[in-house]
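All chains, full assembly: derive it from the sequences and hints.
Take a look at the letters that make up each chain.
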Amino acid sequence: MRHPAMKIFSMLFGVFYIAAFYFDLALFRYYPEARQFHWARTDGIGVVILWYGWIVTAALASAAVAVAVPRTVAERLSPRWVWIVTTLVVIVTLIYERRWFV
Amino acid sequence: MIVVLLLLHGLLAVALLGAITHQALSVLPLAPAQARRSFVGRFRSVNGPAYATPIVVLFVVTAIGGALLYPQYRVDVRPALEDMQNSAANGVFEIKEHLIAIGLGLLPAYWLLWQQPLEPGAAAAARRALTWLLALFVWWGFIVGHVLNNIRGMLP
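Which chain is which? The protein sequence lines are A and Y, in order.
Reading the first sequence from the start, the letters are residues 1 to 102 in the working numbering.
Reading the second sequence from the start, the letters are residues 1 to 156 in the working numbering.
Everything labelled a hint here was simulated from the structure, so no lab data went into it.
Treat each hint with caution, since some may be false.
Footprint (simulated), chain Y over chain A, 3 or more residues, beta carbon under 8 angstroms [to be verified]:
id, stretch
1, 23–30
2, 52–62
Pairs of lysine to any residue, SDA-like flavour, derived with a Cα cap of 20 angstroms [claimed, not checked]:
id, chain 1, residue 1, chain 2, residue 2
3, Y, Lys96, A, His3
4, Y, Lys96, A, Val85
5, Y, Lys96, A, Val48
6, Y, Lys96, Y, Trp139
7, Y, Lys96, A, Leu77
8, Y, Lys96, A, Arg99
9, Y, Lys96, Y, Pro29
10, Y, Lys96, Y, Asn150
11, Y, Lys96, Y, Asn149
12, Y, Lys96, A, Arg98
13, Y, Lys96, Y, Val40
14, Y, Lys96, A, Ala19
15, Y, Lys96, A, Ile91
16, Y, Lys96, A, Tyr22
17, Y, Lys96, A, Val15
18, Y, Lys96, Y, Arg37
For each residue, glycine too, the CB sits at the ideal point set by N, CA and C.
Printed below as a string of structure tokens:
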């Protein structure tokens, strides 16, 4: 398979995304009312959007691991792990987000 | 401007929904020859690999459109939902943003698996599963987006 690192990236992206969400690890924050990006929490300038930061955190972390894993290891990884890990991430996410419906 | 962007986002979502649904049904096991002449059979009988790149492009562009609309939602819509004590509406939107983000991460492997003919086995099963996961994410995002866009008219 060409570009086996893409399997690693896709397999880990959801894991890093949900970790970034749960542990508040957004790389940056956007304050839409002030129209400002900040690296750290900034009070007094309105509501905050963390979603962009979670995505970038997950993309950078999974890309770093995908690049670091040796090609032979990536080639041996069955593509089934991509959907299995992602399905587990989705299930964990849905369980956590039950908080909105109780 | 925001209305134009919302309409564009919705139209792109319709195109994405159609494409991913065609492709998701195309990866199901082949039906008997007679069934292939039915509406569902014809709906399924598309060239799945030809859909992969357009789906990736549509997914990314639609997600970018959603990301551009998100500040308006965060500032105007979400506080209104909180005032209405409608936490379920906020919850389904939270799930939508998670699924779309996770879907963005799946795109590289999904695209890669559609770039080569696959024998039945783990890779073909993975391609089918990733396609169905993406279809689930797109359907969830589409329905939630429409419901929230019209929620004031839907609730008493």
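Quick rundown of the hints versus the structure:
Against chain Y, the stretch 23–30 of chain A contributes 1 residues with a C-beta closer than 8 angstroms to a partner C-beta. That does not satisfy the three-residue criterion, and the hint is violated. Residue count for the stretch 52–62 of chain A with a Cβ under 8 angstroms from a Cβ of chain Y: 6. That meets the three needed, and the coverage hint holds. Among the hinted pairs, Lys96(Y) with His3(A) is inconsistent with the structure: their alpha-carbon atoms are about 29 angstroms apart, more than 20 angstroms. Distance check on the hinted pair: Lys96(Y) and Val85(A) sit about 19 angstroms apart at the alpha-carbon level, within 20 angstroms; holds.
At most 20 angstroms may separate the alpha-carbon atoms for a hinted pair to count; Lys96(Y) and Val48(A) meet this at roughly 18 angstroms. At most 20 angstroms may separate the alpha-carbon atoms for a hinted pair to count; Lys96(Y) and Trp139(Y) meet this at roughly 10 angstroms. Between Lys96(Y) and Leu77(A) the CA atoms are separated by roughly 29 angstroms; this puts the pair beyond 20 angstroms, and the hint is violated. In summary, the hint linking Lys96(Y) to Arg99(A) is supported, as the alpha carbons are separated by about 15 angstroms, within the 20 angstroms threshold.
At roughly 29 angstroms between alpha-carbon atoms, Lys96(Y) and Pro29(Y) are farther apart than 20 angstroms, so this suggested pair is violated. In summary, the hint linking Lys96(Y) to Asn150(Y) is supported, as the alpha carbons are separated by about 16 angstroms, within the 20 angstroms threshold. As the CA atoms of Lys96(Y) and Asn149(Y) are separated by approximately 14 angstroms, the hinted pair is consistent with the 20 angstroms bound. For a cut-off of 20 angstroms, the pair hint linking Lys96(Y) to Arg98(A) stands: about 13 angstroms separates their Cα positions.
Between the alpha carbons of Lys96(Y) and Val40(Y) the distance comes to roughly 28 angstroms, so the proposed pair goes past 20 angstroms and is violated. Restraint check for Lys96(Y) and Ala19(A): the C-alpha separation of about 17 angstroms stays at or below 20 angstroms, so the hint holds. Among the hinted pairs, Lys96(Y) with Ile91(A) is consistent with the structure: their alpha-carbon atoms are about 14 angstroms apart, no more than 20 angstroms. Pair hint Lys96(Y) plus Tyr22(A) holds up; C-alpha atoms about 16 angstroms apart against a cutoff of 20 angstroms.
Restraint check for Lys96(Y) and Val15(A): satisfied, since their Cα atoms lie roughly 17 angstroms apart, inside the 20 angstroms limit. Simply put, Lys96(Y) and Arg37(Y) have alpha-carbon atoms about 36 angstroms apart, too far for the 20 angstroms limit, and the pair is violated.
Hint compliance for this structure: hints 1, 3, 7, 9, 13 and 18 are broken, all remaining hints hold.
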